[in-house]
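Colleague: To get this note's numbering, take the position in the sequence shown, counting from 1, and add 2.
Take the hints with a grain of salt, since some may be wrong.
Label-pair ranges, simulated between beta-carbon atoms [to be verified]: (1) E92 to D24: 39 to 47 Å; (2) S134 to K112: 41 to 49 Å; (3) E214 to A60: 17 to 25 Å; (4) G126 to R80: 42 to 50 Å; (5) D24 to R128: 44 to 52 Å; (6) E92 to L176: 27 to 35 Å.
Treat the hints as calculated values from the structure; they're not laboratory data. Using N, Cα and C, we set each Cβ at its ideal position, and we do this for glycine too.
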Amino acid sequence: MDYVISVKGLTKSFQGREVIRDCTMNIGKGSIYGFLGENGAGKTTFFKILLGMMKPTAGEANVLGLDCVRQSPEILRRTGSLIETPVFYEHLSARENLEIHLDYLEAEGKAEEALELVGLRETGERPVSEFSLGMRQRLAVARAVVHRPEVLILDEPVNGLDPAGIHQMRELFLHLSREEGTTILLSSHILHEVEQTASRVGILAHGRVIAEVDPEAFRKNGGMEEYYLKMTGGIRRE
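Just need the whole structure built from these sequences, with the hints factored in.
Modeller: So, in structure tokens, the structure goes:
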């Protein structure tokens with residue numbers, strides 16, 4: 003099987019402290035991989051390495067067959083991402099922000115279509131400075147998908163959304179995965195949402211992937227929350 007995301011022995015240290023420790027992971031085309039872990043577990047660092055925004059201390063990471071250190075510009079053109087708090091041109095509209103992003107990537111895409119996908123088509127020429135937290139999060143997702151990337155890497159994509167917004171994003175991710183073959187790696191603290199969306203789930207604790215399971219495993223072990231706490235509760239920091 004050809005993997006869209008492949009990581010082997012990945013390690014990242016900051017001033018002698020290992021944030022990511024000997025991680026190995028393989029994600030197939032068109033799948034939705036849910037990445038779980040407490041704050042500080044290393045999820046964001048892991049995502050930044052995949053996007054070439056940070057170099058690993060050891061190990062290998064490949065996205066779409068491209069090396070994340072040597073070929074990061076090509077990876078960025080073929081992926082969409084939402085990492086940490088999204089930043090926009092506050093005085094510009096949602097559409098203008100997306101058009102600037104397309105110019106930066108030298109990519110083709112339809113801003114209005116992306117805005118409709120996330121429920122922002124009616125914002126018109128309103129500046130982003132007037133957007134609520136949920137609207138900004140929707141715009142961040144629109145920016146991630148506007149150029150129809152082959153891979154999405156999303157760090158807490160439903161943060162700040164109301165139940166209707168969470169449902170809409172879930173349906174969007176499932177559509178992209180099933181109908182367009184988009185491979186999606188996402189993290190979330192909303193365990194129930196991951197259970198409904200992901201085809202496979204990895205649990206990161208103190209820099210290590212300690213389990214990779216299918217959602218069905220949660221239903222056989224008392225639900226996702228109980229399984230997650232069972233897997234992470236006995237891990238002690240070293």
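Colleague: Please go over all the hints and tell whether each is borne out by the structure.
Modeller: Hints and how they fare:
A hinted range of 39 to 47 Å holds for the C-beta pair E92 and D24, which are about 41 Å apart. At roughly 24 Å, the beta carbons of S134 and K112 sit outside the given window of 41 to 49 Å. In this structure, E214 and A60 meet the distance hint of 17 to 25 Å, their C-beta atoms being roughly 21 Å apart. Checking the proposed 42 to 50 Å range against G126 and R80 shows it is violated: the Cβ atoms sit about 31 Å from each other.
Judged by the Cβ atoms, the range 44 to 52 Å given for D24 and R128 holds: they are separated by roughly 47 Å. At about 32 Å, the CB distance of E92 to L176 agrees with the hint of 27 to 35 Å.
Of the numbered hints listed earlier, those contradicted by the structure are 2 and 4.
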